[in-house]
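With the hints as constraints, model all of the structure from the sequences given.
Top to bottom, those sequences are chains A and B. Numbering follows full-length UniProt numbering, in which position 308 of the first sequence is assigned residue number 308; successive positions increment by one, without gaps. Numbering follows full-length UniProt numbering, in which position 2 of the second sequence is assigned residue number 2; successive positions increment by one, without gaps.
Because the hints were derived from the structure by calculation, they are not lab data. Misleading hints may appear alongside valid ones.
Unchecked claim - BS3-like cross-link-like pairs, simulated, lysine-lysine; straight-line CA separation at most 27 Å:
id	chain 1	residue 1	chain 2	residue 2
1	A	K97	B	K163
2	A	K96	B	K96
3	B	K329	A	K178
4	B	K186	B	K163
Residue strings, one per chain:
Protein chains: 2
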Amino acid sequence: MASDDAKEPLLSLSVDASHQFNEKNLLKRRRYPRSNGAPSLRIDIPNKNVIESLPHPDLISAQDRFSFKRVFMFFGVYLSAGTLCFYLARHQIKGKKTSGVLDAIYFCVVTMTTVGYGDLVPDSTLAKLLACVFVFSGMGLVGFVLSKAADYIVEKEEILLVKAIYMREKVGPAEILKEAESNKAKYKFLTALTLLLVLVTVGTIFLYQFEGLDFIDAFYCVCATVTTLGYGDESFSTEGGRLFAVFWIVMSTLCLAQFFLYLAELYTENRQRVLIKWALTRDLTTSDLEAADLDNDKVVSVSEFIVYKLKEMGKITEEDISVVMEGFKNLDVDHSGMLTTSDLMLSESPQAQT
Amino acid sequence: MASDDAKEPLLSLSVDASHQFNEKNLLKRRRYPRSNGAPSLRIDIPNKNVIESLPHPDLISAQDRFSFKRVFMFFGVYLSAGTLCFYLARHQIKGKKTSGVLDAIYFCVVTMTTVGYGDLVPDSTLAKLLACVFVFSGMGLVGFVLSKAADYIVEKEEILLVKAIYMREKVGPAEILKEAESNKAKYKFLTALTLLLVLVTVGTIFLYQFEGLDFIDAFYCVCATVTTLGYGDESFSTEGGRLFAVFWIVMSTLCLAQFFLYLAELYTENRQRVLIKWALTRDLTTSDLEAADLDNDKVVSVSEFIVYKLKEMGKITEEDISVVMEGFKNLDVDHSGMLTTSDLMLSESPQAQT
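Here it is in structure tokens:
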């Protein structure tokens with residue numbers, strides 16, 4: 001069946017890099033405000049039938065959770081393989097060493113995140129080539145994590161943040177959820193910022209307390225790490241420090257990257273809002289009416305208006321429209337210019353099918 | 001006037017991070033294939049009036065060129081300021097030195113791109129804080145460049161690549177352009193890959209020839225640089241090497257980042273194609289017809305079908321539709337459920353306005 005055929009690839013294809021900046025997201029997938037008034041307009045679709053055959057946004061979010069698990073799995077495989085390789089090649093790595101396995105995993109994390117302090121460096125052709133392989137695959141993996149898991153985690157934290165901000169005003173969970181949804185980019189940005197500040201503070205205190213750096217050096221080392229600059233003049237040189245670093249480096253570098261992504265998203269959302277506001281408030285002209293009138297009946301129906309305005313807002317393109325129109329023509333078996341139940345019946349009878 | 005108000009912010013707001021992954025782009029903005037047949041369907045809009053009041057996709061690409069200049073300006077300001085600061089603080093930077101200004105600009109580039117070899121490191125509180133400021137602002141700038149200029153450059157190169165690939169088959173420039181447009185993500189990815197391979201080769205040869213590294217070390221140093229890993233055990237230590245590095249590091253790190261972005265874009269595009277194909281080939285059911293029938297007239301017009309299918313494809317959301325429907329209701333002054341010239345006239349007469 002057609003719907004089964006389609007479901008499979010949709011579930012297995014799960015890296016969706018557009019996820020971050022997607023305007024679908026910006027306009028809040030999960031809210032389905034009913035259009036008040038206008039009883040003749042019925043777009044509150046999802047009836048059971050549609051949900052069954054269609055990767056509905058809610059199902060896509062379940063799919064996100066699914067690939068979130070996969071991300072963790074990839075991450076585990078990568079770190080295990082890296083640790084094993086660098087442990088076996090530990091005599092081909094020079095620099096400040098602590099204990100075998102810990103140094104291997106620390107070196108793997110420092111390489112994967114491209115921090116590259118240089119406190120441990122490969123010292124043989126094999127180790128150098130291994131480092132090259134792990135840094136390229138690490139970059140890909142980090143991008144994968146950024147496009148999926150980090151977003152998922154920040155979304156979970158987001159509600160906590162909005163709750164904290166609105167704690168004093170006594171509002172119910174429904175209002176909090178609504179507030180978080182309608183300013184999604186803003187709260188995601190604030191959440192990433194909060195997490196980042198926490199991680200920077202924790203890292204600075206740790207380096208000051210346990211690595212014996214003075215305050216400025218500790219902060220400088222934190223900045224050099226979260227940005228993946230990693231000059232290497234200051235780094236984690238004790239056993240405890242490297243254990244801490246393994247977790248802290250992964251979290252803080254991802255968090256900073258996510259922070260920049262949300263900053264860009266916030267910007268795009270604001271830009272989009274300006275565009276939408278403009279498209280909906282500008283005066284309509286006669287030539288707009290002519291252009292919007294797809295079926296040439298001299299009046300613009302609500303759906304024609306939707307197509308015209310969404311195109312004007314840049315949400316859909318001429319190409320999107322013409323692709324779907326091709327599909328329409330194929331389905332319009334009786335060439336009436338309208339899809340009716342008679343088209344469905346005609347397409348079911350074998351002689352009408354091509 | 002409304003259109004003037006809106007034009008201003010659209011031109012000044014030009015960082016559009018969604019640009020990279022945007023489905024609008026994936027479905028090729030610049031192609032306007034006429035829908036063959038169906039003479040009653042007229043969507044080949046852009047009449048003069050619309051273009052004047054609307055930031056049409058073609059104008060947006062002009063806007064891209066505009067912000068491309070701005071990117072270069074920001075870049076120049078950043079590098080000048082960085083070079084000046086680090087030159088003035090040159091006695092507070094320790095490590096392998098060559099000549100004053102060159103080291104300052106080299107240090108600035110190594111910091112901005114987060115390569116951070118550590119062959120030059122700040123050695124005072126002031127210099128350390130300066131480095132922190134420059135690495136954060138550098139990351140932001142690199143993101144800005146990635147979202148705009150790099151895309152623009154790759155698009156220019158793309159045509160050359162497609163031309164080179166199709167050189168043997170004698171095809172005209174129009175076919176080449178069409179081929180490039182309809183497989184945009186694929187050719188952008190291939191272009192970035194080609195550029196990356198060229199830059200890696202050039203870098204390796206340079207390090208081998210002029211920095212006296214053996215072949216493996218040269219390649220290893222190139223890999224550590226393009227990925228911004230920068231362990232720092234191998235780096236550019238001669239005057240000529242650092243001059244080369246200033247240009248090469250900026251180009252190659254941006255190129256690798258762009259490569260990963262296009263890889264993600266390619267993935268998204270393929271996923272999108274599967275979804276579109278599925279949405280347009282699956283059998284329509286009676287409940288689909290009911291759900292698509294916005295105005296409840298028991299038939300599905302072409303524009304209703306477009307709205308329904310684009311929603312199914314995930315291109316537009318329930319929220320997009322309801323926002324535009326609000327606008328429709330405001331414009332439908334005579335409450336006929338259709339926009340006609342009478343609505344326009346009514347809205348122009350002052351008593352009808354709110």
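Here is what the structure says about each hint:
For a cut-off of 27 Å, the pair hint linking K97 (chain A) to K163 (chain B) is broken: about 53 Å separates their Cα positions. Straight-line distance between C-alpha atoms of K96 (chain A) and K96 (chain B) comes to about 21 Å, which keeps the hinted pair within the 27 Å bound. For the hint pairing K329 (chain B) with K178 (chain A), the CA-to-CA distance comes to about 24 Å; that is within 27 Å, so the pair holds. About 14 Å separates the Cα atoms of K186 (chain B) and K163 (chain B), which keeps this hinted pair within 27 Å; it holds.
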